[in-house]
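Here the structure of chain A is known, so what remains is to put chain B in place on it, guided by the hints.
What follows is each chain in one-letter form.
Protein chains: 2
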Amino acid sequence: MQSMVTLINVFAVSPGKEEEFIRLWNETAHLMRQKPGFMDTKLHRSLNPGAQFAFINVAHWESQEAWQQAIDSNPGLQNWWQQIALIAEANPALYKVEVQY
Amino acid sequence: MQSMVTLINVFAVSPGKEEEFIRLWNETAHLMRQKPGFMDTKLHRSLNPGAQFAFINVAHWESQEAWQQAIDSNPGLQNWWQQIALIAEANPALYKVEVQY
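Keeping their order, the protein sequence lines are chains A and B. As numbered in the numbering used here, residues 1 to 101 make up the first sequence, in order. As numbered in the numbering used here, residues 1 to 101 make up the second sequence, in order.
Since the hints were made in silico from the structure, they are not lab data. All figures in this text were calculated on a predicted structure; none of them were measured in a lab. Incorrect hints may appear among the rest.
One copy or any two copies: either way a pair holds, since identical chains are not told apart in the list.
[Stated by the list, open to error] Subject to a maximum C-alpha distance of 25 Å in a straight line, what follows is the list of computed DSS-like cross-link-like pairs (lysine-lysine):
| # | residue 1 | residue 2 |
| --- | --- | --- |
| 1 | Lys17 | Lys35 |
| 2 | Lys17 | Lys42 |
| 3 | Lys17 | Lys96 |
| 4 | Lys42 | Lys96 |
Just chain A, with the same shape it has in the complex:
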């Protein structure tokens, strides 16, 4: 039995590196969205440039296994993470919806 998961990645981005971050994020989003089990993704940008977390990505996958398989079958991802790490601190984790209104 599989169930949908939410990937949330909270990014603290070095000031002035926002546009480079968006470019890098788009590169990988284009790859990941072609993988089986991808549902949707939204990159949120803070309205306040001074916010601790300038960008937060919220994505839905059909299952934890599909997400893991998408990562494992994406050999460019490690290089991408190295580039991101130069300008941002990432905090990716999988979530379920506990309560909603």
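Leaving out everything else, chain B in the frame of chain A:
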């Protein structure tokens, strides 16, 4: 001209305090959802108990002004924040959707 905003609140919660956190979160969610301009909210819980951010709340409001007004017209909120602060570190900020697929 008003436009929808996304409130994302990233919570680091003290281990063992997860259920108390959910109870407190629900108390205020019940109040906030009755305010004009509230659209929806989802409290996400990490699948990995060791994740840095155990809970992430993603809410939509019709405008930044409506959200601000909801806070200003909610006198119990300050007391709630004081209770939350005993068990969690909160990082609330407003976001717009920069990219989506």
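Hints versus structure:
1. Lys17 to Lys35: neither (28 Å within a copy, 37 Å between copies)
2. Lys17 to Lys42: The answer is within: 19 Å in one copy meets 25 Å, while 30 Å across copies does not.
3. Lys17 to Lys96: Cα proximity of Lys17 and Lys96: across copies only (18 Å, versus 31 Å in one copy).
4. Lys42 to Lys96: Both ways: Lys42 and Lys96 sit 16 Å apart in one copy and 10 Å across, limit 25 Å.
Checked against the numbered hints given earlier, this structure breaks only hint 1.
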